[in-house]
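Below are the chains, spelled out letter by letter.
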Amino acid sequence: MEKPIKPSLRAWLEGGGFFVAGFIGALVVGWVIFPMVLYSKQPQPMNFNHALHLNPEKVDGIQGDTETERCLYCHGFYDDGTFKGIPRLAACTECHDDPESPLGKTLEEKAFMEEYVAKNKEIQWLSYYKQPDCVYFSHIAHVKNGKLDCRVCHGDHGKTSVIPDYEANRLTGYSRNIWGKRISGLKTNTWDRMKMDDCAECHSQKGHEENNACFVCHK
Amino acid sequence: MELNRRNFISLMVGGVAGLHITPLPWKLTDDIAIWTQNWPWVPVPPVGAFNKVKSVCTLCPGGCGIEVRRVDERAVKIEGRTDFPVNPGGICPVGMGGLQLLYNEDIRFTRPMKRVGPRGSGQFADISWKEALGLLGERLSGLRKAGTPEAIAAIDGNPCRSTISTLIERLLKALGSPNYLRTPSVEDTYSLVNLIMQGTEGPMAYDIENSDFILSFGSGLIDGWGSPGRMINAWGMWREPEMRGKVKVVQVEPRASNTASKADQWIPVLPGTEAALALGMAHVIIKEGLYNREFVNGFTSGFGEWSSLVMKQYSPTQSAKITGCQADEITALARAFAKSKAPVALCGRGKGTLNGSLYEFMCIQSLNALTGGLNRIGGVLVHEPLPLGPLPEVTFDEVSRAGIQKARLDQAGTPRFPYAQSLTSLFSKAVFEGKEPAVDTLLVFGGNPVHTLPDGGLFRKALRNIPFVVSFSAFRDDTAMFADLILPDHSYLEKMDESIWPAGIQYPLYALSRPVVKPLYDTQHCGDTILHLAKQMGGSIAASFPWKGYEEILKQRVKGLFDSAKGLVTYKGTNPVWKTMQKTQEVTPDYKSFDEMWNKLKSGGLWFRPAHSYGRWDTIFKTATGKFEFLSSRLQLAVQSYLRQNQADIALAGMGIGAGADAACLPHYEEVKQAFNAKDYPLTMVPYEIINIASGWIASPPHLNKTIFDDQLLKEDSFAEINPKTASQLGLKEGDLVFIESPAGRIQVRINLFDGAMPGAVFVPLGFGHIGYDEFTKGKGANPNYIISPQMDPLSGQPVWWKTPVKIIKV
Amino acid sequence: MEKKHGPAKGNSYGMVIDLDKCTGCGTCMVACSAENNLAVRPDESDKQRSITWMRLYKVTNGKEFPHAEVSYFPRPCMHCDHHTPCVSVCPATATETDYHTGIVSQIYTRCIGCRYCMAACPYHARTFNWWDGYFPKGKGLERYLSPEVSPRMRGVVEKCTFCHHRLMRAKTQAYAEERKELEEGEYITACTEACPAQAITFGDLNNPEHKVTRLAKSPYAFRLLERLGTEPKVYYISTKDWVRKLGDNYLPGEFKPISTVKAG
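Protein chains in written order, with our numbering: chain A, 1 to 219; chain B, 1001 to 1811; chain C, 2001 to 2264.
No lab work stands behind these hints: they were computed from the structure. Cβ atoms here follow ideal geometry from the backbone N, Cα and C, with glycine treated the same way. One should not assume that every hint holds.
Calculated lysine-lysine pairs in the DSS-like style (CA-CA distance at most 25 Å, straight line) [as the list claims (entries may be wrong)]:
| id | chain 1 | residue 1 | chain 2 | residue 2 |
| --- | --- | --- | --- | --- |
| 1 | B | 1312 | B | 1246 |
| 2 | A | 147 | C | 2180 |
| 3 | B | 1518 | A | 119 |
Covered, in the sense of this in silico footprint (three residues per stretch, anywhere, with C-beta under 8 Å from a C-beta of chain B), are these stretches of chain C [claimed, not checked]:
| id | segment |
| --- | --- |
| 4 | 2015–2024 |
| 5 | 2056–2065 |
| 6 | 2089–2102 |
| 7 | 2149–2157 |
| 8 | 2201–2207 |
Between the sequences and the hints, there should be enough to build the whole structure, so can you do that?
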């Protein structure tokens, strides 16, 4: 009956301590370890400096007044309106045409000239934005017809001087950029996620409810 | 601090609480959901740049223009071309499924091979091109050294008059063998008719789009006859609402085929009696004076002889007796035909892959002559062959000079078969029955004779007597299964080849197919293989083949077209040629130099002459009389020379002619004589062709299997169509499994009761029953060719495949 | 309250098939199979299992020799406008009618394979994937697959989409040329394009200028099982009474033949 309060309080405190430890541990697991385990990292075959290539002062060839126009210089459209995606080597060699001499001074570029241009070998880029096969996406409908900037979906990818490692979800196989760039799943920028709901949300906001019909984005 | 039970629970609770405000459970749930929607084993077609390559389909002699849609270098779809004059946008189902012939590795030879298993087992081992050519070269040289080059034979299924065929024939000549054979085709019979009656060597050219009465004697106008892209387009045109009633199509054949069903009128005749119907019509036309007097009196010879024969023997009543139709039906048909403005009578059974009957074709062509339909708008146009450049003479050495003097094994060209070019049945017979191997090495090109020859399997049996068989096929076809050596060709989408005057087209046309994709495997263009072989053998053979590559030969031949200075290389697709050529007599070439013309041709282009001198009758016939000959002077010569050697009746019987010497040189009806007791084989088997089963040397692309109804093929069994009345007499029900037995053997099929089948006949589709190819094709259905006991068509010597006496036995 | 769907507001893509022109050659089926990556199995004679989007049906006039006749009905999905039977039963919303194109979609990744839609469809226009597509290793058949249409996996239903990807292709081309509207004929299905007899006409039934709209008003035009009220957007034309009669189930004496066929 006369049990001392102190041990009980201590036990409570102790219990609280364990609770907090468990809680914090879980936070660490959930926020730090889980993403590390969930995503595999794969380096790109070589670096690409988007910032440099998009700078008209540094690169003569690049044309266009807006950033989107400059993006389209390499990531453009074929005559039938389909999107070229990641440029092939032929697009690179429009400027980097002499296998013997790189245009810049970096070792990377020298390696690129030797490894790819001289051997006429395509670079096996890993695409950050590849959607699953069931998805149909028309770049031209958004960029030309809808007048959207590349940035709306691709963020500041064009401003990077080092391209990040490619991260794939070990469970789903999708690129992290599709859904998981922000592990919280919260969305503050339009380019944070590329899931179906995000497409639909934008369509609705812009008053294009008709583009939420299934077949518009599925094939 | 100790980790007791209570604290552990605290830790866990804390952990669980904490986890809920991390992305872990939520993201994991979502990712697992997405994971369940992953099907990694389902192929994901790679994306890339879409592009199109224009070419010409060379799967059949129809030569339709095709446009292949590609993703980068990968072909993904074949479509019809709208800028090609043969087919305004449409192609046939076989051509549409062509990519399955290109990309199916199981049906192709991917490199040279030699046989390791027993013949027919399909077991081969890889060898190199050098080894393969060495093996063949040595064998051929050995035969030549032994002084027996005639023991080399070739059988060729490539289109008539094609460069590749010319090259194969040339190879045989250079080696010193007379035994060059072609698989029978309707072109053989067309050529014979044109030669015998008109003295011309051009192909049969029907101005069908301009006709207003199309009388087809068994030609499957929409079942794959002629150039399917062209024919079906014309059919659609005739059925335009504004054309209703303006064009009449009449189909004569014993079965309600698609053509017969969809025609304005169907006239069923007993199998093989089409000639008698044509003669009955001729009787009415002559008797009632409905023939074209200007043409018949001024530009034909032998009309008197022929008309007296027709008047005497082929009244509508007599004709009705032979054909099984009504006399008044024949009279009405004759009147309607002759009174039309631009009638045309067509011959060539089914798709026209196989030969026809010479006398029958002569009778039908005579209908065209009677109505003045030769060289008239909407009739049959008379042409010279394409002016292709000639190749230099073959260089002979002693062996080859002696060799080609030897007798052909098939007796083609002998007085008994004076105008025959090659007779595969007699060849097979000679090889099969010979005590000593008559043929040591057989080369098989561009065909699948084991499957397609209507000879009751005789060719297949004859192969047993041929020690060495070489196949140049791109496919693991039925014949290649019996080969000892394979020198695989490219598939049709990987090589440059030609389309020579597509079947039945009314104006000269020559087109080049181009490689749509780079060759996928270690195969070689058959033309180049021949050149390599010749080069390796050296001497006079190498000297006969001085070219560096096949393309050079094509170029040399095309130079002849250029020199004729009478063609165009661009077609815009706005005005169909059959319309424009009515108003054009001559064209000025739209190219300046040969190089320009050649380059256009090479990039999927064509050369054509959209002009014709309609109505000209005075200079077109190259017969002895300079006229269209009802009484053929060529036949008279041939028959007489044969008669001089033999007693008249024996001689005629030897030629297979039942009629007297008077009728022998005139178009008349010959009853097919059967060597068997009719009581033993009371039914008549009639093979038929449908457009969605490839019945030539290639197999159907698998997509086509979807189009085949389950009363045509069910699992492994194909169906024979039989009239319900006939079936009930025989006690047969729908779906019954039966044997169809002829003197040559039996096949197993199921019964399909079909009211469109003539009573007393059994209709069996061609194209099933392959023993080569893969699981999509192999062992499906039965091949009626294996039980055809072919009689010989009089004079032409070709097999009578359209009428075989059979009986049905329930399994 | 039931949501009343009228005909499509924007475009209403539809088809007219002239059975007088149709020769039964099957090119439409092959073109469809090739265009839409249809799986082919070694045995296609089991028609319950054979996957087709466009299927040819053979019909006969039932008369005896020599009056027997055959004709063909090429049958794509009817893309019903009203109470679309498949859409109304799908528990997974894997199929829906797009009221801006009139096209009934089918989303394979969403389909749960219950086959309720197959039971509901009066036209047998839907087929079920009992197996994964047949692409044995080493055959290389997957090399002709088009990236424009997603290959299907086992356990889902598929059907004709009116080559929806070709609509997207045409739009993409139009955007590249800075246009928003499509001309007549820019978007046609693979079967329409392939038909060598030009028996199939495809276009916008809401556009009075389109040939398809004119043809659909022909006195010889009819639709399959029209009286079910599903408003199919595929019309047939035949001048033959016996063919038209097969388009629906008639009580004796109910069918009204068009007896006088005007020539010209």
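Now for the hints, and whether the structure bears them out:
no.: 1; hint: B:1312 - B:1246; verdict: violated (35 Å)
no.: 2; hint: A:147 - C:2180; verdict: holds (13 Å)
no.: 3; hint: B:1518 - A:119; verdict: holds (21 Å)
no.: 4; hint: 2015–2024; verdict: holds (count 5)
no.: 5; hint: 2056–2065; verdict: holds (count 7)
no.: 6; hint: 2089–2102; verdict: violated (count 0)
no.: 7; hint: 2149–2157; verdict: holds (count 3)
no.: 8; hint: 2201–2207; verdict: violated (count 0)
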